[in-house]
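Protein chains in written order, with the numbering used here: chain X, 147 to 333; chain P, 5 to 257; chain A, 31 to 482.
I should point out that these hints are in silico values taken from the structure, not numbers from a laboratory.
Please note that the accuracy of each hint is not assured.
Claimed, not checked - One side of the interface only, derived from the structure: several residues of chain P facing chain X at Cβ under 10 Å:
no.	residue
1	21
2	24
3	53
4	56
5	116
6	126
7	128
8	220
9	223
10	230
11	234
12	253
13	256
Positions of the beta carbon are idealized from the N, C-alpha and C atoms, including for glycine.
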Amino acid sequence: MLSEVAFWGLAALAVAGGVMVFRFDSMARATFALLTSLLCVGGEVLLLGLDYLGIVIVLMMTIEMAIMAVFMIMYMMNPAGLTPMTMMHNKQGATAICAAAFVLLAAGILSTPWPARRGKPPTDATMDLGMSLMGPQMLTMMTLGMALFATIVATVVLATRRGRYDRLGDSLRAPSTDDPIRGGVGR
Amino acid sequence: MQQRRRTTAADVALTRLGVVLLPVAALLAAAVVPLGFRSVSDLADGIVWFNAMEALAWAAVWLAGWGPNSTLALIGGYRFLAQGLAYELPHMLAITTAALGAESLRVGEVVDTQAGLWFAVWMPVAFAIYLLSAMAMAFWGPFDQPAGRDVAGGAAAELSGVDRIVFLGGRWLLLTVAAAFSVPLFLGGGNGPLLPPWLWTVLKTVAVLAFLVWIRRKVPTLRMDRYMEVAWVVLTPLAILQALVVALVVLVR
Amino acid sequence: MELRSKAARLAVAHPGVLLAACPGATRARLAVEEELLRRSWPVVAGPASANLLVVVGDPDPARADWAENLWNGIPEPKSRAVVREAEQATAALDDGHLALFGPDDQVSVSPREERRMNGVLPSGRAGSRRREGHAPDGPAHAVRDGAAHHDCAEHETESHHSGHSGDGQDEAHGTHGGGHGHDMHAMSVVAGLPMADRADDRDGLRLDRLHVPLGPALLDWPAGLVLRLALQGDVVQQAEVDQISVRASSRHPFWNDPWLRVIAGERVERGLAARRLCAAHLDSVGRFLAVSGWDDEAKRARSARRRVLAGASVEELGVLLRPWARQLRRSRTLRWLTRGLGELSSERAAAAGVTGPALVAGGDAYCRLLVWLDEIERAAAVCGDTRVLDATELSGPRGRLNGPVPPSQALLDVLPGLLEGAEFAGARIIVASLDPDLDELVPVVDSRVAHE
Chain X
147 MLSEVAFWGL AALAVAGGVM VFRFDSMARA TFALLTSLLC VGGEVLLLGL DYLGIVIVLM
207 MTIEMAIMAV FMIMYMMNPA GLTPMTMMHN KQGATAICAA AFVLLAAGIL STPWPARRGK
267 PPTDATMDLG MSLMGPQMLT MMTLGMALFA TIVATVVLAT RRGRYDRLGD SLRAPSTDDP
327 IRGGVGR
Chain P
5 MQQRRRTTAA DVALTRLGVV LLPVAALLAA AVVPLGFRSV SDLADGIVWF NAMEALAWAA
65 VWLAGWGPNS TLALIGGYRF LAQGLAYELP HMLAITTAAL GAESLRVGEV VDTQAGLWFA
125 VWMPVAFAIY LLSAMAMAFW GPFDQPAGRD VAGGAAAELS GVDRIVFLGG RWLLLTVAAA
185 FSVPLFLGGG NGPLLPPWLW TVLKTVAVLA FLVWIRRKVP TLRMDRYMEV AWVVLTPLAI
245 LQALVVALVV LVR
Chain A
31 MELRSKAARL AVAHPGVLLA ACPGATRARL AVEEELLRRS WPVVAGPASA NLLVVVGDPD
91 PARADWAENL WNGIPEPKSR AVVREAEQAT AALDDGHLAL FGPDDQVSVS PREERRMNGV
151 LPSGRAGSRR REGHAPDGPA HAVRDGAAHH DCAEHETESH HSGHSGDGQD EAHGTHGGGH
211 GHDMHAMSVV AGLPMADRAD DRDGLRLDRL HVPLGPALLD WPAGLVLRLA LQGDVVQQAE
271 VDQISVRASS RHPFWNDPWL RVIAGERVER GLAARRLCAA HLDSVGRFLA VSGWDDEAKR
331 ARSARRRVLA GASVEELGVL LRPWARQLRR SRTLRWLTRG LGELSSERAA AAGVTGPALV
391 AGGDAYCRLL VWLDEIERAA AVCGDTRVLD ATELSGPRGR LNGPVPPSQA LLDVLPGLLE
451 GAEFAGARII VASLDPDLDE LVPVVDSRVA HE
């Protein structure tokens, strides 16, 4: 009973947060409406008994939104949303796509003939999750992880204008690096 | 008794949210910290839970800095994000190392594993990194730049009256919780001779807090433009090495 | 009610003091700081945590809206005091403290505040214009009715926001130019506040930047200095030096007084000059350490400064200063944190007419700190010298006093160049490491009227 109330409460809050992302006209508010929505989703996952996944969603989404805020300051140094602004370009299109996706997913969830539970939930779901990810799928996961990491590094390398030749000279032998702001290691 | 004040064109809702979120995050994090051998809730993934709640403080400080629509507060707010990016990576690896040593994410089991040898003894690097990040997550002592006096109080620059008390109180709470969490993670929790477990926990927490207070007097504020590189280039590899050593020990054991 | 007023009394027993020091009032500032220390009243970093505004010096009343802005930013209960001369410090602080308790043990509510409480804002507290840090100028109060606080979802289609709408946006901000009048840069204004405009950053990306005046009432900041910064994120892109205007003074600048008296033909003991130099540098180092976030050592510097000015003996000063200076020199963290900030080579310093410790150091902020420490120890050792200072040794704490311009003017001239490209926290350290003394720029009515 209690978990049902929690489920529906969180679900409503998640959807409301999602809607508010489109209604708010301040970048900060929209970001944190999105975060609220995602935290509610994390809560739902917790309710389903997947503790680890739920908490990781909370952790990841919070940090992700905080990092978004860094970019927010780059693009908008007016704090507190002095100037109203929308988060979206092509607002109608975005709303339509979101609504359609929501309806499609909801319809799918409601119309699928879910099988009845066989067996019992595992005693340690985190352990089982780890075993299934890192047991038979180990190779896939490791490859995937490395590919993601390589993508991140490659993106940063492509995005920065200055490379090591700018920092250390053509022969890479400069005694100290030429950086706009000196770092902490003294390279 | 000071009145609350409001700045021009401030986003009051977001400011208040940030102010209240800070102590709330600290309290939620405290739920998995055991006093003696008992905590409010010994979650199966308590360590990850603590990490997630402490990340909420990022959002809280940033909101409190952004909301009042004041430049110095904004600087304080985004300084904390930079600080978060610097300390979080080695911090996560450090607490993961403790979990690895106990082969469990449950805080209670981490304590049980330390009935004999404290983790602080054979994972000194992880312990040191944890202490650094405990100060950093509560933006306190050498890491007080987000609320530094050079930006007139930073994220707290525009808070007065009850807002200020709640926010700065939340920061103290967060520091205390972070210090208290080092006890089950690295200092054997309630384990100890003669005295009851709860008293051991309290004593060890007080000792860690005292150390953190002492270090504040000895070191100037670490600026993130310098510390960031150290955190990523020195501390992160060190933390990975420590985790590797612990993993090997656990495998052989 | 009884309890409430008691609690209020308790809360303001040690009121938070916001110090707003003007140039030309160093002597009064030192007296106020000493008095605050004696009463253990905390000096706070900004208006939000202050109860008592203490304006030290004699600001030009026609252009003192910065002080008014500070006053409006302080939440009730509050009071203010003006200290023009060192001798008034005690009485002015007493009066200010007394005014914090209203007439009959009630916390005072000023007429202004009453009006505001009845006004539109539901929780309408002092909502002064706070966006520009401690804004020294601009409209004293920006729009204060709740309308400034925009309501969500109502202006979604409005196009005049900064940041996202593409090219049209640049034109809206295109009016931004070099117009540094008394007020502010020409740029779009919302709710009475100037908006960020855009400029290329150091990587060539077009990003928002904000114009922020820093000072004059910042903690650990040269009295009266105003820096107009263009900030892009945390990076200072441009800096312009300005200062608040004060009325002409009848005294020499406090720190330079012994040497200026020699120039005026008086006989001054070397010991006196050394003492003044030592105290001036201790004042600077105290500020430097406070800005670097080392409150403990800053406190020690300030208490040493007090002892020096109070006439402590050479032996006592040696005992006091030597371990302190040794600890600072040995601190690797301090060196690591301040190396490479505000690099000013000797050639560049000399070309700009800098003559004091900044020229001797010929390096970064840390070098300048070391020079200060050396000079402090050297001066402290000769505090008892009773020989007469001769007219060839006219080098004050900030440089030669018989040059064409005051030494601090040269420091202010090099300052913008050092700040550009620095990060905000670094910029504050750079300012503290030069520590220009704006007293030197205050016009003196008659140099022979009064001396310390």
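Against the structure, the hints:
1. 21: holds, 7 Å
2. 24: violated, 13 Å
3. 53: This hint holds: residue 53 of chain P lies near chain X, its Cβ roughly 5 Å from the closest one there, short of 10 Å.
4. 56: With a minimum Cβ separation of about 4 Å from chain X (threshold 10 Å), the hint on residue 56 of chain P holds.
5. 116: violated, 16 Å
6. 126: violated, 24 Å
7. 128: Violated - the Cβ of residue 128 of chain P stays beyond 10 Å from chain X, reaching only about 22 Å at its closest.
8. 220: Since the shortest Cβ distance to chain X is 20 Å, the answer is violated.
9. 223: Hint on residue 223 of chain P: violated, closest Cβ of chain X at ~14 Å, above 10 Å.
10. 230: holds, 4 Å
11. 234: Interface hint status for residue 234 of chain P: holds (4 Å vs cutoff 10 Å).
12. 253: violated, 20 Å
13. 256: Violated - the Cβ of residue 256 of chain P stays beyond 10 Å from chain X, reaching only about 20 Å at its closest.
Violation of the numbered hints given earlier is confined to hints 2, 5, 6, 7, 8, 9, 12, 13; the remaining hints are satisfied by the structure.
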